[in-house]
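Chains as they are written, first to last, in this note's numbering: chain U, 1 to 240; chain S, 1 to 345.
Simulated from the structure, these hints should not be mistaken for laboratory data. Be aware that one or more of the hints could be misleading.
[Unchecked claim] Mimicking DSS-like on lysine-lysine, the simulated pairs with C-alpha atoms at most 30 angstroms apart in a straight line are:
id, chain 1, residue 1, chain 2, residue 2
1, S, Lys171, S, Lys184
2, U, Lys83, S, Lys184
3, S, Lys137, U, Lys83
[As the list claims (entries may be wrong)] Which chain U residues face chain S? A few, computed with CB under 7 angstroms, are given here:
id, residue
4, Ser87
5, Asn231
6, Glu233
Since the structure is predicted, the reported quantities are computational estimates derived from the model, not experimental observations. Ideal Cβ positions, reconstructed from N, Cα and C, are used throughout, including at glycine.
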Amino acid sequence: MNWQNVATIARKDMTIMLSRRALRIALVALPLGLAVLFSTIIARASIPADLLPRTLNSFLFFFMIYTGALPASIASYSMVGEKVERSLEPLLATPASDGEILLGKGVAALLPPLVAMWAGMVTLMVYCDAVTHSALGYLYFPNWTAVLTVFCAAPLLALMAVGFSVLCSARVSEVRTAQQLGALAAIPGAAIYISLITGAFTLDLASIAVICGILAVLDTALALGARATFNREEILTRWA
Amino acid sequence: MITIDSLTRRFGDVTAVDSLTLTIGEGEVFGLLGPNGAGKTTTIRMLAGLIGKTAGDAWVAGCRVGDPATARQLRSLVGLMPEEAGLYPDLSAARTLDFYGRLYQVSAADRAERTERLLTMLDLWDRRDVRVRTFSKGMKQRLTIARALINDPPVLFLDEPTANLDPEGAKVVRDFLLRLRQEKRTILLNTHQLAEAERVCDRVGIMQTRLIAVGTPDALRSASGDGATGDGATGDGATGDGAAGAASARATAVQLAVVTDAVVAAARNAVRADPAATPRADVTVAGNTITVPVDKPESDNPGLIRAIVAAGGEIQFVTGIVPTLEETYLKLLSSVNGAGDPAAR
């Protein structure tokens, strides 16, 4: 694996991606906006202290929906965009291997939304600590569940979204269709969130570890599928 | 530099390239001509290591095509200009070349030097920081040529480089191809533009899933009437059978002060002197010019001229008429496909 090629491809994709205003807004404004919105709700809603931990967890976990949706959308654009622009052939003609191209694109789709999410989550945690400290008598964040959610579950979910998008991209030839299909990657995050707020399960260390385990298995399967789908022969003879 | 031995590619039941055998020497510009679906792009994709082969073998710049051990090396030695420009609209010309240069492991200094040199030569230097989105089709095409050269490859594969360009844009690209030819790069050029092939290529091959004929443009034209390959290179797999039986299109046009029946009869008898000769169209007369079909102008013309003079003909001009490459191309394809005009298929 030539990591310089991976970095070159990732940097190129990120440059193109960040040249789009809509995406810049989605990456910066939305996570920070959500963080401020949730903190404001916590500050003004007079939530009883015994319900606060669950509410804070659910708000933090809400970001997981976004963590699934945004990388999927970017990855879809990254793959199908190349297909639409017919730029895959010259890219595949370079010495970069299929794996390096796929990984570079994956990193480009994964990293910006993940960093944006982390920024949003950390902002949420800092604000929430500030407004709940007096009610709880202690700083709720950081805790192991939050750390595991932010730094383990969120990347794994984002990775799953990228793998899913690569598989979708092989079958569609329009960016919009790919993005719509890619948005389905938000479903697992949404399902977990709904289960959480309906009380179907409690977000504790054990449950988040189980979620991470399931996501890791799914990620591995999707990565293998994406790797099998993303090869020169397949792209040039079937991705039409 | 490029050796192809019985290279075959099938997609399911469809054979895209059928037992292609060809050798392209170092510094040679070879044109691959053929109608759509003839397998030209598939050939280039196989040789550039983009898709696999079904059978046969090929070597490009010493690398065996399809060998995973040398796949990366093969791609680093090859420059590819695909039919579609495939540029990133949101990158500038300079960023585009920098991106590909990095992937080809070109050093920063070489990237900068080549970017400036190529963009200057292709008249894009002033637009180097402008997004490709704003480029005209001709500018994009020129940028794709620069992209194919950023790794300074000894072998270039160009797939329809002037397709869809206006005459001016096509000329710029063609002139650049002539420049590349002077640099002694080995170039395989897929094209529909027969005039372009004639002007740029050392040799051309006519292909329709298999190689029908191969030779220099002159040799192919000459051979189109007698069923041989242009350079007799049957070892390249082109049998030249496709040309067999096709009537010769070569002729000698003789302009006279006055055309008389005696002169026409003398001309007719002169070219019928060889009873073993292939039957030809008869002598035709248009104004003061008689056109006489000939097999071998070099040996037939002296006798023809003598006969006309002996019959009292006063010769003003003698012109050799040879078929164009286009006529040769159409004739060869037509004879492979059976009767009819291949262009109409």
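Now for the hints, and whether the structure bears them out:
1. Lys171/S with Lys184/S: 20 angstroms, holds
2. Lys83/U with Lys184/S: 34 angstroms, violated
3. Lys137/S with Lys83/U: Judged against 30 angstroms, a Cα distance of about 19 angstroms means the pair holds.
4. Ser87: This hint holds: serine 87/U lies near chain S, its Cβ roughly 4 angstroms from the closest one there, short of 7 angstroms.
5. Asn231: 10 angstroms, violated
6. Glu233: Since chain S brings a Cβ to about 5 angstroms from glutamate 233/U, closer than 7 angstroms, the hint holds.
In this structure, the earlier hints numbered 2, 5 are contradicted, and the remaining ones agree with it.
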